[in-house]
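Given chain A's structure and the hints, the job is docking chain B onto it.
Below are the chains, spelled out letter by letter.
Protein chains: 2
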Amino acid sequence: MIFMKNTVNMGLIGFGTIGSGVVETLNMNLPLIEDKVKKTVKLKKVVDLDIVTDRGVQVNPKVLSTDVNDVLEDPEIDIVIELIGGYQPALNFILKAIENGKHVVTANKALLAKHWEEIMDAARKNEVRVCFEASVGGGIPLLEPLNDSLAANQIESIYGIINGTANYILTKMSEEGRPFEEVLKKAQELGYAEQDPTFDVEGYDTAQKLIILTILGFGVYLKQEKFHVEGISRITPDDIQFASKEMDCVIKLLAISQLVDGELEVRVHPTLVPEEHLLAAVKGVFNGVYMVGDVVGPVLMYGRGAGMLPTASAVVSDCMDIIEYPKKPLLYGPQKPPVQNIKRMDAVESRYYLRITAIDQPGVLHAISGILSDLNISLESVNQPKRDEGQEVPIFMVTHYAKERDMIRALEKIKLFKFVTQDTVFIRLL
Amino acid sequence: MIFMKNTVNMGLIGFGTIGSGVVETLNMNLPLIEDKVKKTVKLKKVVDLDIVTDRGVQVNPKVLSTDVNDVLEDPEIDIVIELIGGYQPALNFILKAIENGKHVVTANKALLAKHWEEIMDAARKNEVRVCFEASVGGGIPLLEPLNDSLAANQIESIYGIINGTANYILTKMSEEGRPFEEVLKKAQELGYAEQDPTFDVEGYDTAQKLIILTILGFGVYLKQEKFHVEGISRITPDDIQFASKEMDCVIKLLAISQLVDGELEVRVHPTLVPEEHLLAAVKGVFNGVYMVGDVVGPVLMYGRGAGMLPTASAVVSDCMDIIEYPKKPLLYGPQKPPVQNIKRMDAVESRYYLRITAIDQPGVLHAISGILSDLNISLESVNQPKRDEGQEVPIFMVTHYAKERDMIRALEKIKLFKFVTQDTVFIRLL
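Here the protein sequences come in this chain order: A and B.
Going by our numbering, the first sequence opens with residue 1, and the numbers climb by one from there.
Going by our numbering, the second sequence opens with residue 1, and the numbers climb by one from there.
It is possible that part of the hints are untrue.
Any copy will do: because identical chains look the same in the list, a pair fits if it lies in one copy or spans two.
Said to hold, decoys possible - Straight-line Cα separation of at most 25 Å, DSS-like style, residue types lysine-lysine; simulated pairs: (1) LYS44 with LYS403; (2) LYS42 with LYS5; (3) LYS39 with LYS336; (4) LYS226 with LYS403; (5) LYS5 with LYS336; (6) LYS283 with LYS245; (7) LYS327 with LYS96; (8) LYS38 with LYS125; (9) LYS38 with LYS327; (10) LYS5 with LYS328; (11) LYS5 with LYS327.
These are computed hints drawn from the structure, not numbers from a lab.
Chain A extracted, bound-state conformation:
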């Protein structure tokens, strides 16, 4: 019974980047933290396979351990902080902690996205809290506002820039006009991108976070394979330049969850965002989530979506929330979702930007526009800035609203033309 005790003991599993951030946050602000929660707060154990490497943060060697049971089985530990990431053994550790009556704080979006029901059912049964503000948007207040401060709202839409790596790459491509591969390499050198960047640049990380946002916003739990996920690796400087010069837009990797005509649309893909939209001002490694509630209208939350200290800010604040309200009911999002139907991606309607790469020869535009018009896709603009007869040139098109299924069909047909030499790049508009 945490609220009866004068000392609260926490156990940390995972002494990596964020784990070190948690240790450092306590080093920095323990008096402030204890002043706010009116208890003595102790980090009793820090468990990792490697307790030798210097993390650059001051830590009492006595709290270090390689045995996870020093946390999971210690009856004095009230709160377990899981920061090892991934599915296993993280899942087992969390379930064990819950079973032993311990509250859990985690930043593990992959695990929550995949095992949401199992973890929450266990927490409900054992009457403990599971907090995960750090799992989306790092230290940005996001899930708590969505759950509490905006509670009176039916959320209508969520648009999030929630992967700092992808946003950094797109921002640099835009500012410096350099291609994806080059900027990625630089990002890897600077530590902003992993050696295998797939997870970030292909949208999977964004998708896991979107699953969590969709639960909180709409009460709907969707697995990742149930919605469209698309990354940014196809985007070229040509696309970015055309978007800026001709459309006053920037390209952002967006997580989208919104109610449209009584259905929920959930998708992750690069999106053309008007320059005057506040999301366009979310640059570099920063994250921003724009939400619209039916009562409050639009709100935006912005900040550092990753990193040792920003993420630790959310982890430690979650621990404080548990200390203050250990009996807060475990209820995330509306329990009666506003809609039952998830819109199929091919039924989504959007405006599209197309970059078609074709041999410059007479009749090309006529042939392509014929395909589009046969599928009832009408064009807002067509641009072929370069003329180079017999050579490859880019053709830029912007459509009015069209159904995804018609666009896919059109692209399949366009691909068959001999004069079309590369896959057509298409980007949806916000």
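Chain B only, in chain A's frame:
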């Protein structure tokens, strides 16, 4: 004991704009609200002196009353929503509600700013909650994130655009190049400004909200007369144009509360904000608050800071928070402030923009720069775009960092020159 009951009764005092918004929010979202809090939620009484005028929202006539005791003295009412504004009788109503063991939700920033201690002491004594998310930034999640999601941080600075009227006027002046008076008149016609706009344009509303932010961020309660408050009525299109063209800045009315050299600076004044700063993108009636925590780094919260529904979103969400956690301890901000000293305004250091109006004649620049240099104020740039010998011309100057006290002294001396024909406008830089 609200948490034991299956039905929660709320009583609303004040059926004005926001009160109507609360009624409308319940009309819109009652099933969602009841689903989330797992209780039956009833607006049992709506009290106003005028219960005849049609507010344009559907309301059961049986709940209307002109007798405030129908709310304050009804033992069935658990939560009192105070939305009449102003000091009295709002203060007495709130104290009576608290004394009678009722939780209170209010949007009344003026009252909180002036009577904070009295209200909170009463609430503590009677073990009820007082919630006021709506008092700053309308529906934007702001106080709850500051209090909870960022709890692990020592807040280092808060910069807020928290008055929609002033921001609307500055935005329109900037977009349309029109003078203050003209834009104000238009804003009054559109209902964005009061007939007596003093409160909004002279910074007093911003100051009251800053008092609340300063309590939550720093645990310091300062009365309004203890800090510098300055409005936007002196700003001209010339200032805005120079800021944009020569300095890549916009002018915003900022609420500032920040730790500097072991002291707390609290002030409200027009401020030059670099165009690339996210606060520069907070336009029109929107509000935005930029905060820096020592762990999380910078975060920004953005949305509609006023209006019937956005403000009601915060009021009703506060009610839901009380229903879910009626025993949440009444603790706002760190109880041990990080610093004891409030910096005197004349000790604040800033860079300054100056617009001096003077007769164009030889020696003017030399005389003015002499005054500044005598006071150790060094100039970054001097611009006199118009030449018109013998006539009034504006001279623009931007200084390096200087102390407010030296700047005030310089301005007093500059004023004495015969060739200086108007008061010098000076604006601090962020």
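Hints and how they fare:
In this assembly of identical chains, LYS44 and LYS403 lie within 25 Å of each other by CA distance neither inside one copy nor across copies; the values are 56 Å within and 48 Å between. For the homomeric pair LYS42 and LYS5, the shortest alpha-carbon distance inside one copy (12 Å) is at most 25 Å, but the shortest distance between copies (36 Å) is not. Within a single copy, LYS39 and LYS336 get their C-alpha atoms only as close as 37 Å, which misses the 25 Å cut-off; across copies the closest is 14 Å, which meets it. Taking CA atoms no more than 25 Å apart as the test, LYS226 paired with LYS403 passes inside one copy only; the shortest distance there is 19 Å, against 60 Å between copies.
Taking the shortest alpha-carbon separations for LYS5 and LYS336, only the inter-copy value of 22 Å comes in at or below 25 Å, while the best intra-copy value is 36 Å. In this assembly of identical chains, LYS283 and LYS245 lie within 25 Å of each other by CA distance both inside one copy and across copies; the values are 18 Å within and 23 Å between. When the C-alpha separation of LYS327 and LYS96 is checked against a cutoff of 25 Å, the pair qualifies only within one copy, where the shortest distance is 20 Å, while the shortest distance between copies is 29 Å. Within a single copy, LYS38 and LYS125 get their C-alpha atoms only as close as 28 Å, which misses the 25 Å cut-off; across copies the closest is 18 Å, which meets it.
Taking identical chains as interchangeable, the C-alpha atoms of LYS38 and LYS327 lie at most 25 Å apart whether they share a chain (17 Å) or sit on different chains (15 Å). Taking the shortest Cα distances, LYS5 and LYS328 sit within 25 Å of each other both inside one copy (17 Å) and across copies (17 Å). Proximity of LYS5 and LYS327 under a CA criterion of 25 Å is satisfied in both settings, with 14 Å inside one chain copy and 17 Å between copies.
In terms of the numbered hints stated before, the structure departs from hint 1 and from no other.
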